[in-house]
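Novice: Residue numbers (our numbering), protein chains in the order written: chain A, 254 to 722; chain B, 254 to 722.
Just to be clear, a hint being listed does not mean it is correct.
[Said to hold, decoys possible] Simulated restraints, written as ranges between beta carbons of each label pair:
| hint | chain 1 | residue 1 | chain 2 | residue 2 | range |
| --- | --- | --- | --- | --- | --- |
| 1 | A | G506 | B | R614 | 38 to 48 Å |
| 2 | B | Y352 | A | R491 | 38 to 48 Å |
| 3 | A | S646 | B | A303 | 53 to 63 Å |
| 4 | B | E571 | A | K575 | 37 to 47 Å |
| 5 | B | Y352 | A | Y352 | 49 to 59 Å |
Bear in mind the hints are in silico, worked out from the structure with no lab data behind them. Using N, Cα and C, we set each Cβ at its ideal position, and we do this for glycine too.
Protein chains: 2
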Amino acid sequence: MEPYELSLAQVSEKIRTKELSPLELTESALARLDAVEPHITAFATVTAEAALAQATAATEEIAAGTYRGPLHGIPIGVKDLYNTAGVRTTSSSAQRADYVPDADSAAVAKLYEAGVVVLGKTHTHEFAFGATTPTTRNPWDTSTVPGGSSGGSGAAVGAGVTLIALGSDTGGSIRIPAAVCGTVGLKPTYGRASRAGVASLSWSLDHVGPLTRNVTDSAIVLNAMAGYDRRDPATVNRAVPDFTAGINDGVAGLKIGIPTNFFNHNVDPEITEATAAVAALYESLGAELVEVEVPMAELLVPTLWGIMMPEASAYHREVMRKTPELFTEEVRTLLQIGESILAVDYVNALRVRTLMQAAWRDLYSTVDVVLAPTVASLALNAENPVTTWGDGSVEGGTSAYSRLCGPANLTGMPALSVPSGFSKSGLPMGVQLIGRPFEESVILRAGRALEEATDFVGRIAPLKDLALA
Amino acid sequence: MEPYELSLAQVSEKIRTKELSPLELTESALARLDAVEPHITAFATVTAEAALAQATAATEEIAAGTYRGPLHGIPIGVKDLYNTAGVRTTSSSAQRADYVPDADSAAVAKLYEAGVVVLGKTHTHEFAFGATTPTTRNPWDTSTVPGGSSGGSGAAVGAGVTLIALGSDTGGSIRIPAAVCGTVGLKPTYGRASRAGVASLSWSLDHVGPLTRNVTDSAIVLNAMAGYDRRDPATVNRAVPDFTAGINDGVAGLKIGIPTNFFNHNVDPEITEATAAVAALYESLGAELVEVEVPMAELLVPTLWGIMMPEASAYHREVMRKTPELFTEEVRTLLQIGESILAVDYVNALRVRTLMQAAWRDLYSTVDVVLAPTVASLALNAENPVTTWGDGSVEGGTSAYSRLCGPANLTGMPALSVPSGFSKSGLPMGVQLIGRPFEESVILRAGRALEEATDFVGRIAPLKDLALA
Chain A
254 MEPYELSLAQ
264 VSEKIRTKEL
274 SPLELTESAL
284 ARLDAVEPHI
294 TAFATVTAEA
304 ALAQATAATE
314 EIAAGTYRGP
324 LHGIPIGVKD
334 LYNTAGVRTT
344 SSSAQRADYV
354 PDADSAAVAK
364 LYEAGVVVLG
374 KTHTHEFAFG
384 ATTPTTRNPW
394 DTSTVPGGSS
404 GGSGAAVGAG
414 VTLIALGSDT
424 GGSIRIPAAV
434 CGTVGLKPTY
444 GRASRAGVAS
454 LSWSLDHVGP
464 LTRNVTDSAI
474 VLNAMAGYDR
484 RDPATVNRAV
494 PDFTAGINDG
504 VAGLKIGIPT
514 NFFNHNVDPE
524 ITEATAAVAA
534 LYESLGAELV
544 EVEVPMAELL
554 VPTLWGIMMP
564 EASAYHREVM
574 RKTPELFTEE
584 VRTLLQIGES
594 ILAVDYVNAL
604 RVRTLMQAAW
614 RDLYSTVDVV
624 LAPTVASLAL
634 NAENPVTTWG
644 DGSVEGGTSA
654 YSRLCGPANL
664 TGMPALSVPS
674 GFSKSGLPMG
684 VQLIGRPFEE
694 SVILRAGRAL
704 EEATDFVGRI
714 APLKDLALA
Chain B
254 MEPYELSLAQ
264 VSEKIRTKEL
274 SPLELTESAL
284 ARLDAVEPHI
294 TAFATVTAEA
304 ALAQATAATE
314 EIAAGTYRGP
324 LHGIPIGVKD
334 LYNTAGVRTT
344 SSSAQRADYV
354 PDADSAAVAK
364 LYEAGVVVLG
374 KTHTHEFAFG
384 ATTPTTRNPW
394 DTSTVPGGSS
404 GGSGAAVGAG
414 VTLIALGSDT
424 GGSIRIPAAV
434 CGTVGLKPTY
444 GRASRAGVAS
454 LSWSLDHVGP
464 LTRNVTDSAI
474 VLNAMAGYDR
484 RDPATVNRAV
494 PDFTAGINDG
504 VAGLKIGIPT
514 NFFNHNVDPE
524 ITEATAAVAA
534 LYESLGAELV
544 EVEVPMAELL
554 VPTLWGIMMP
564 EASAYHREVM
574 RKTPELFTEE
584 VRTLLQIGES
594 ILAVDYVNAL
604 RVRTLMQAAW
614 RDLYSTVDVV
624 LAPTVASLAL
634 NAENPVTTWG
644 DGSVEGGTSA
654 YSRLCGPANL
664 TGMPALSVPS
674 GFSKSGLPMG
684 VQLIGRPFEE
694 SVILRAGRAL
704 EEATDFVGRI
714 APLKDLALA
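Using the sequences provided together with the hints, build the complete structure.
Specialist: Okay, here's the thing in structure tokens:
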């Protein structure tokens with residue numbers, strides 16, 4: 254077994270005991286990257302030389318007796334929205350083709366502090382404004398998209414290049430590629446982790462978080478990322494628990510909400526079936542299933558877009574005036590639409606969101622976690638990422654992928670996407686566990702129970718195309 | 254001395270000891286109302302019959318041995334924005350000439366619980382969208398305006414009709430009439446008291462609170478009004494202290510911020526002088542004066558209006574479509590302007606507000622309270638409520654009155670307006686004490702120290718015109 258194939262728990266233990274060095278692991282990861290990258294284009298920039306230097310430094314530090322913890326010497330990918338000091342940070346846009354930040358984003362700085370090695374910057378749908386990531390391919394079937402907007406992170410983790418990659422999630426952009434690429438993805442509570450130094454899509458909906466191969470790995474990364482940061486006014490100054498504590502305690506006694514609406518309309522039947530199987534599994538593990546009705550369901554999608562569009566346009570306004578031609582046509586059009594939205598409509602969307610937050614708080618008086626499919630579709634064809642439903646309607650990939658993720662962005666609730674199985678065609682599927690604000694520990698525990706009871710989690714895409722190549 | 258002339262402390266004690274009955278007090282207040290109302294038009298609706306019935310009930314309840322506390326049997330005025338069950342609630346607009354709510358607003362319900370008697374509904378600038386209250390006159394000089402938008406409440410308390418009147422404050426609308434009518438006015442922290450059942454001007458800036466004759470009275474009313482209410486999503490679920498506790502502890506050791514900018518540009522020289530005298534008084538009482546610079550000062554006014562205008566237009570949108578002609582031209586024009594504002598501009602105003610909140614938090618690391626004039630002008634002529642400054646510029650009343658109040662609305666910080674003296678022409682002046690979020694107790698303590706060391710607070714307008722009539 255090559256080092257890149259090991260789980261984080263395995264490699265951390267080997268690194269701690271000096272059985273494996275960060276340099277060996279990084280070399281293994283870079284070899285995997287070289288092998289698969291031509292097929293998936295997960296990376297906007299590969300920083301092999303810097304990574305080897307960081308890995309060498311980590312190796313020496315550990316040899317000298319300083320072991321920083323489970324992230325020490327672990328190679329990661331960083332979504333190209335995150336500023337990285339001295340490293341091109343393009344947001345996968347021609348607007349920032351030559352942008353080299355002076356300083357690291359808060360999350361990257363914290364992960365460096367924890368000892369990680371950065372292999373490179375992963376592709377995003379341009380400025381995170383879309384859910385297919387056209388630059389990149391899905392390692393489970395390279396004729397399909399990896400989801401998005403953190404598509405490069407999903408592809409990198411799904412293909413086994415890194416154990417961890419950072420994503421951002423405004424309407425599902427961590428959970429979507431996690432589900433579509435067969436990885437775990439954690440969107441923490443709004444305000445839990447600092448977004449300072451990360452390009453914004455929609456300031457009141459943006460979250461940062463990890464995509465990982467396993468559930469516990471997400472808890473470990475959140476331990477490093479979480480906490481108040483005065484540079485991000487949304488962050489909340491409250492104690493950060495150890496998110497791995499109690500993660501193996503199982504779901505016995507947990508009340509798991511099973512939505513009777515919204516999450517079951519126009520969803521791929523295989524995904525619906527896999528989600529039901531997860532519910533049955535939880536029940537068999539001692540959880541109590543409770544049917545819940547999603548409140549204000551018909552307003553969820555318009556409210557998300559009604560907030561996201563003008564916030565994105567406000568962020569990009571100056572650049573839209575100067576060099577609109579450097580956006581892709583898709584994103585330029587979205588930004589133009591957002592510029593024309595009236596403040597009264599945005600105000601009303603904010604008011605609706607506030608009512609939704611209250612309604613979801615009520616919902617959580619009866620359950621601890623809500624279980625739902627993460628996305629409505631399997632990986633879509635990269636040439637034409639749309640899906641056709643039983644009622645004959647055709648839905649674009651960004652809509653089909655973001656539709657079920659939006660509630661957790663609008664309410665700020667934490668949500669974890671965990672693999673729920675594979676379709677007959679061999680494509681990954683995912684469920685999301687949505688929890689109460691600041692109760693990441695509960696959804697991590699539920700995710701871990703699912704992981705332990707199944708064999709879906711932690712798989713690496715075999716990249717059959719690669720074998721053929 | 255007539256009962257209406259007594260302070261709340263005095264009448265409460267007399268009522269508790271049954272030396273004075275709520276009925277006698279209410280009759281005295283209604284007699285005062287009958288005498289002054291033709292000169293000031295403080296009330297949109299007088300509910301004399303209901304008030305006498307409430308006072309009779311309170312008298313009987315107290316006679317039977319149940320004394321509810323310092324508000325039991327006390328006549329109050331209620332701004333006509335607050336819903337009152339079965340009583341016309343017009344917001345001083347033809348739009349709601351016949352609106353009779355089924356239920357009391359949260360604040361009114363809480364005050365009824367505390368035992369108050371409602372004398373009637375006080376005039377507001379139409380839907381609180383202005384700071385002069387054209388319906389109403391100032392009891393200190395009936396050729397002038399009472400300020401606004403809670404102008405009826407300011408006039409009613411200033412004229413001695415009631416000891417207490419409820420107001421609302423979006424850009425100063427409690428503090429402005431308090432300063433201009435010589436009363437105390439308390440805008441609590443954003444989220445401290447429920448706005449459920451109160452017509453909205455700007456949901457993210459609106460606050461409810463009292464105008465009172467004395468500082469302690471404001472603390473007593475806030476004790477009754479404060480607290481979480483799930484019907485107002487802005488309210489914060491946190492413990493409510495007794496706001497009268499420690500109110501007499503003085504200002505020794507308190508750090509009082511003296512702004513070096515923003516609050517000193519285009520302010521009536523008599524008001525500037527009175528404010529400086531208050532600062533000197535505080536220093537003599539043992540407070541430490543600390544010069545502070547108001548952050549992002551040039552953005553305060555545009556940010557307030559950039560948020561308020563579209564929020565107001567969103568609230569009134571349906572009515573504007575149906576019966577625009579029922580608004581006054583002034584308010585209709587403002588609502589039309591608000592409808593045309595783009596979401597991207599509103600988004601940017603919200604982002605600026607967030608930065609301002611952080612900057613003010615920093616400012617409060619060096620001081621406990623900021624002392625500033627409440628308004629820039631004395632009571633303005635009712636026929637032409639504008640002011641001309643030394644630099645030749647002419648400013649409308651709403652601008653001159655709201656300009657210095659806006660910071661506390663944008664940041665949500667609590668602010669208390671206390672009389673600071675009288676102009677040579679005999680018009681009241683006021684200072685505001687602005688505190689840290691949820692530290693109403695500190696500004697009340699500072700206000701009480703000012704009250705105790707001077708003879709400006711608690712005066713009743715003599716209504717010379719009345720004597721002539």
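Novice: Output the indices of the hints that this structure fails to meet, ascending.
Specialist: none
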